[in-house]
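Asks: Take the given structure of chain G and dock chain E to it, following the hints.
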Amino acid sequence: MARPHIEPYVEFNEDYRAFDFAGYGGAEYKVLSLDVDTGASSLKVKFNGGYTRKPGLCYSDMEVFVLNGEIKVGSETWVEGHYSFIPAGVALGAMEVAQGAEAIVWYNDSEPTFEETDRDHPLALKEGFISVNSYLDCPWASGSIVSPSTATGCMIKLLRFDPITEAMTFLYCMTPEFMQDNISYHDCAEESYHIWGTSWMMQFGDLPTGGYFWRPPYINHGSFRSKLGCIAIGRTDSKLHNYFHFNPWTNPDDNQARAASFLYRQRPQLFRWVGAGGHNHPHGPQGQLKYQNPPHDFETPEYGHRPDVSALANQNYTFREMDHLHADEYVHKVHHAHKVEDDHHHHDHDHDHPHHHGDGDLDHKH
Amino acid sequence: MLSKYVQDDKPPMTAEAKAWMEKETATQEDRYKAIVDEQDALIPEREQWYADFLNIVQTKGFNFTGDQRRVIPKEEIAEKPDRPDAMRVVW
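Heads up: the protein sequence lines correspond to chains G and E, in order. In our numbering, each number is its position in the first sequence, counted from 1, plus 764. In our numbering, each number is its position in the second sequence, counted from 1, plus 26.
Looking at chain G on its own, in the form it has when it is part of the complex (with noise of 0.2 Å):
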């Protein structure tokens, strides 16, 4: 099920606790959020004064954002504000950190690993190497770098931009007394640290520092608000559209049938070409054009490969039941509708009445 949807979540609320494999000896961390399929994750590390790691390298692609402290790494110095992209394969030198340090570290594709070696693996991509300070060398930037676009003064300075996903990570901002009455949902997941200082959304009340989310697809975040302005990095796991709305009452099913609709009225001819499964060749006899899994691309035709590529295809969000919402009668027409087993089950939390519980599947798949 890819991973939940854990929003918000503040970190700051619970203990370290110790990093004991993939060469994080001596270091701590805490899950921000973990995918149950893959071991991909998002952590903060801890890295306790007198830290130290061989050369090595990952066979994920890694990224990196600094909190605080230094830590040195081969012959770089990386700070407060320091981003890095870390691909797959790719050797980072030896790593020191005399007075400790905290950073966000993400694992894209599998759980952390570390192999020691000086060397880059003979298939690392080495040129998607990415090594800043996004606090001193990056300029934020209008938010408005997609359409429709968020509110002024909510500003980006834009890390990493992958253009086969479009998948990005960025710092952004809210100045204070930030304001964008809409309610906004995506195609893609979403994901945000909060460095510093406090949003607030309809849905969800107060992000402060130390607050997290990790988003799946279509579910409405929005209005926005920031008092006193803020300051996080988030990532996305491929294009970011924004979906602006005002009906507050709306589900991730009705939102991706409304961005299908989209689809439908804005690319008339992709939508029916995909729905047709690509058989719509106007001369030929029906099926003579096979669809393609993934559809053939003459630019980058491999791209299917990649393994970021192939798991977000693979990626199924598959969404609760209706969680602590003590609606029998609702789930039972859920379940009729999508043809599902009641699989409900009861557990122990501290309720007055009986309710349903949400390991059963809807089968949303997002």
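The hints are simulated quantities; they were obtained by calculation from the structure and are not laboratory data. Please note that a few of the clues may not be correct.
Residues from chain E that face chain G, not an exhaustive set, calculated with beta carbons under 7 Å [stated by the list, open to error]:
#, residue
1, Tyr31
2, Val32
3, Gln33
4, Thr51
5, Ile69
6, Glu73
7, Gln74
8, Trp75
9, Ala77
10, Thr91
11, Val97
12, Ala104
Think of the CB as a built atom: it goes at the ideal place given N, C-alpha and C, for glycine as much as any other residue.
Replies: What follows is chain E alone, placed relative to chain G:
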């Protein structure tokens, strides 16, 4: 564009990584349930937030892109649906 990637050479998951995954999966499940409980408790406040929002979009306007707003007439405002997930926000 390659047809084989570093990730394809990844060694099998180690026993300690499997144990880590199991532990953290269970912890995350507990966290998810705690978030659902917290967010359920916010429903009365959220009702008011929604009412405030619907008032704003009918008076000051709805941001349809950037700072451009459209004042939404009352007849375009949706009724709260009669389904129990109407106030649900964690999915």
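Asks: Hint by hint, note whether the structure agrees.
Replies: We went through each hint and held it up to the structure:
1. Tyr31: 5 Å, holds
2. Val32: 4 Å, holds
3. Gln33: 4 Å, holds
4. Thr51: Result: holds, 5 Å to nearest chain G Cβ.
5. Ile69: Isoleucine 69 of chain E check fails; min Cβ-Cβ to chain G is 9 Å, beyond 7 Å.
6. Glu73: Violated. Min distance 10 Å.
7. Gln74: Violated, about 10 Å.
8. Trp75: For tryptophan 75 of chain E, the interface hint holds, since the closest Cβ of chain G sits about 5 Å away, which is under 7 Å.
9. Ala77: 9 Å, violated
10. Thr91: 4 Å, holds
11. Val97: Cβ of valine 97 of chain E sits 11 Å from chain G, so the hint is violated.
12. Ala104: Since chain G brings a Cβ to about 4 Å from alanine 104 of chain E, closer than 7 Å, the hint holds.
When held up to the earlier numbered hints, the structure conflicts with 5, 6, 7, 9 and 11 and fits the remainder.
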